[in-house]
Amino acid sequence: MKKYIYFILTLVTLQVTLLKSQSVSYTYVRNNPYNYKNFSLSIDPLFIDVNGHNGYAYGWGLRAEHMLGKRLLANFDMRTGFGTNLYRKSNKNTRNYFNMEGGLGLIFFNKVRERNVPIILSSSSSSNGRTTTTTTTKIRGGVPAKCWFIVALRGGFQQYTNTLDYKNLADTLLTFNGQKYKDSKNDFTFKDTLTNKAIDQVGGIALTSVYGGIQFRRIRDLLIDVDGWGYRSNIKYSDFYIDVIFAPVIGIKNFTSNGKEVDVKYEKVSHFGWRAGWFIRQPKEQGFSVKLEFGSRPGFKAPTNTNVPLNMKNMYCMLTYGLYIPLKLKPIYQGD
Amino acid sequence: MLSKYLNKILYSMKKITTIALLVIATLARSQTTGMSCQYFPGLQLGVVKVKTTDAPKGSYAFAAPLPILLFDKIKGHWYTNIDLSALYFAATQTNKANDDRVKISKAEGALIAGRLGWMFGKKPDFKFGINGNFGLQTSNLDSLKKSFSQRNYFNYGLGVLVYKKMGKLHASAKFGYEIYAKKNFITKGRGFYLEGTVGYNVFQKYGISVSPCFYSKGLTYAPEGGSINAPAKARVTSLLIRFGLTRFF
Numbered sequence: 479m480k481k482y483i484y485f486i487l488t489l490v491t492l493q494v495t496l497l498k499s500q501s502v503s504y505t506y507v508r509n510n511p512y513n514y515k516n517f518s519l520s521i522d523p524l525f526i527d528v529n530g531h532n533g534y535a536y537g538w539g540l541r542a543e544h545m546l547g548k549r550l551l552a553n554f555d556m557r558t559g560f561g562t563n564l565y566r567k568s569n570k571n572t573r574n575y576f577n578m579e580g581g582l583g584l585i586f587f588n589k590v591r592e593r594n595v596p597i598i599l600s601s602s603s604s605s606n607g608r609t610t611t612t613t614t615t616k617i618r619g620g621v622p623a624k625c626w627f628i629v630a631l632r633g634g635f636q637q638y639t640n641t642l643d644y645k646n647l648a649d650t651l652l653t654f655n656g657q658k659y660k661d662s663k664n665d666f667t668f669k670d671t672l673t674n675k676a677i678d679q680v681g682g683i684a685l686t687s688v689y690g691g692i693q694f695r696r697i698r699d700l701l702i703d704v705d706g707w708g709y710r711s712n713i714k715y716s717d718f719y720i721d722v723i724f725a726p727v728i729g730i731k732n733f734t735s736n737g738k739e740v741d742v743k744y745e746k747v748s749h750f751g752w753r754a755g756w757f758i759r760q761p762k763e764q765g766f767s768v769k770l771e772f773g774s775r776p777g778f779k780a781p782t783n784t785n786v787p788l789n790m791k792n793m794y795c796m797l798t799y800g801l802y803i804p805l806k807l808k809p810i811y812q813g814d
Numbered sequence: 317m318l319s320k321y322l323n324k325i326l327y328s329m330k331k332i333t334t335i336a337l338l339v340i341a342t343l344a345r346s347q348t349t350g351m352s353c354q355y356f357p358g359l360q361l362g363v364v365k366v367k368t369t370d371a372p373k374g375s376y377a378f379a380a381p382l383p384i385l386l387f388d389k390i391k392g393h394w395y396t397n398i399d400l401s402a403l404y405f406a407a408t409q410t411n412k413a414n415d416d417r418v419k420i421s422k423a424e425g426a427l428i429a430g431r432l433g434w435m436f437g438k439k440p441d442f443k444f445g446i447n448g449n450f451g452l453q454t455s456n457l458d459s460l461k462k463s464f465s466q467r468n469y470f471n472y473g474l475g476v477l478v479y480k481k482m483g484k485l486h487a488s489a490k491f492g493y494e495i496y497a498k499k500n501f502i503t504k505g506r507g508f509y510l511e512g513t514v515g516y517n518v519f520q521k522y523g524i525s526v527s528p529c530f531y532s533k534g535l536t537y538a539p540e541g542g543s544i545n546a547p548a549k550a551r552v553t554s555l556l557i558r559f560g561l562t563r564f565f
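These protein sequence lines map, in sequence, to chains L and R. Per the numbering used here, the first sequence starts with residue 479, numbered consecutively. Per the numbering used here, the second sequence starts with residue 317, numbered consecutively.
The following block holds chain R by itself, in its conformation from the complex:
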């Protein structure tokens, strides 16, 4: 009887030890490597396409806003991302917003959004991880001129990422799935993103990075001045390439 209990206890202890070892191995401090893409501000080139069933608006495309305000940092086991690109772009348009110099508002993406993730792997030159996303975003679904008049919605999501260091070259790739929602505006919203980053260490700890990105959002929403009971559907796709200063670890 006693040996039965002892066996059980020993078996439980083995399990606990194995799990503890696994956790310790995962959380063990690897040599701190990574890159901090500090697009503060950075530049981007690309195109944003809006295809909507809201008849008067139809389909339209515009060049992606040039300035961005974005941090994307992988350091040690942590992954953090703060994006204020659409908000910053809207602010940069203040001087132009009242006259005919603005054909269409180009604000697309995060007003304020963030990602937080954890990266696994003991090797300093290769890591992979998962992240959670949350924030406030905007899309020009109403074909407006003024960025600050655009409506906004929340995003929630999950993502995976991978990082690789090859001498002076650092690379990362990210994929994520997001849900978009806002009462009386977005009834259903789903989307995904693909981001790749290649950074090159130029001088001391600093260099530049290039980041090609693809975003796709499918939104069911109440058209401007319309009812939530007669929703329209929109597909917003963005194909971008970003450039910015980067710090390497």
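Okay, chain L solo, but in the shape it has when bound:
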């Protein structure tokens, strides 16, 4: 019984955060969001994409983003897999993970406003073995900082390929030479006629898409000298976006079995998908950049008899991490 009480106590107190606020005096060292670099090139040695098509893929990538003057944004993102799940199951039928996209954004809202932003003076955790307590001390009410807020309409092109696991696809909608998957999955298509061994039921998919959406960018560069605490900062350069994706071309790779090519089709395709994402870096300093994206790719419609009109086969979540180099490239907007 004691064990359970200790366990519950630990669980409860693990999440306990004590917040202390206090008034302090401070002087501004930096508070200019226009003090930024408008171009960044990122080399991502590792990304991971967890998705319905083949489970997961990991690899490397390149990203670039550029703010051209006051009105234009440019984005580029390329990722290629060196660890694509199920890719090695076949030398002919599967595709390696690859994603490349590029686009432009037109800024229609571009303003600097003063907002109170939180400044954390100290944060510490203490534990007595059973309970952990986190104490955070921050400036009460935050500190007024100049926050640059940008909103843009964006659009671009995207090319995507990956390995496709036929498992969990609606077996009445997926067909092989016109025959439903539920009927063909146990016949000669997936059996090696020479060895009578099963052939892995994996193929490939390619999507050629255009996307359009809205992008929000926030930039702030606040550095203050707090009496008795030293330098504290709230520095941010982050982007959030939501896109609608339209794929006029959804290519499911034909399946080669026993030397013969079998025509693979999915009867109810959805040409539309969506995604939301977030990427972050420092306005001026070089460092590491993170991008997180999730959504539903165009592709397979859910069968009509399902309660939720959402096909998990299209869902994905991608995280990439890399080193970026920020540069000041003309044209650069630094306020009117």
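Since the hints were derived computationally from the structure, they do not count as laboratory data. Predicted model only: the values in this text are computed from it and were never measured. Be aware that a few hints might be false.
Think about it this way: if two alpha-carbon atoms lie no more than 25 angstroms apart in a straight line, the pair counts; the simulated DMTMM-like pairs of lysine to aspartate or glutamate are [what the hints assert, rightly or not]:
hint	chain 1	residue 1	chain 2	residue 2
1	R	LYS412	L	ASP670
2	L	LYS570	R	ASP416
3	R	LYS462	L	ASP678
Given the coordinates of chain L, work out where chain R should sit on it, guided by the hints.
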């Protein structure tokens, strides 16, 4: 009697003051200079040679893996190095690992290893220092195909380094001695490394660096499937040249 004690106290104070001044002079903040070689990832060219007394394996050589994942940073008084090159290379081979496209696993060096050092000298354009090394490494002693099947061992070591700045050109040199050990695998292991780096500041704070390196490891180990009581000996030498992005301070 009293003056004797006073003299002793004064002498001790002098000593303490002298030592304190020396420490302060050493730790005094010099203007922050240095370079951060961010091979994240970077590229390398070179050759790795394995010479073993394990009869069926003999001697073999292979081209060093192309991609590396390595940080080597000198900033102010600190020297830090984090190396995940062999682990990263192994990950990059996942798509190839199951078919005949891999003749031999090229993973050599750090799975995860680090160095931490302190640099002395008040002049911002010249510093020298010492560092300690620790990590987990791998060598393809068994002539395997799959990188993730290779056995690993620990490394412990000490090193010295020197840094010089000449305008836009930054240079550093490192030398270190390491001990390798792993229960039921490496009974005796010794090695050394020599690394040189030349960086050139191209644009704003950024540029490129070129780093020629030489590593030599002598290992006494239990051969694959063999006994620790009948060990084999191996000499693993790597001659490399690395290229990567660099940030200058």
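Verification of the hints:
1. R:LYS412 <-> L:ASP670: 23 angstroms, holds
2. L:LYS570 <-> R:ASP416: 15 angstroms, holds
3. R:LYS462 <-> L:ASP678: 22 angstroms, holds
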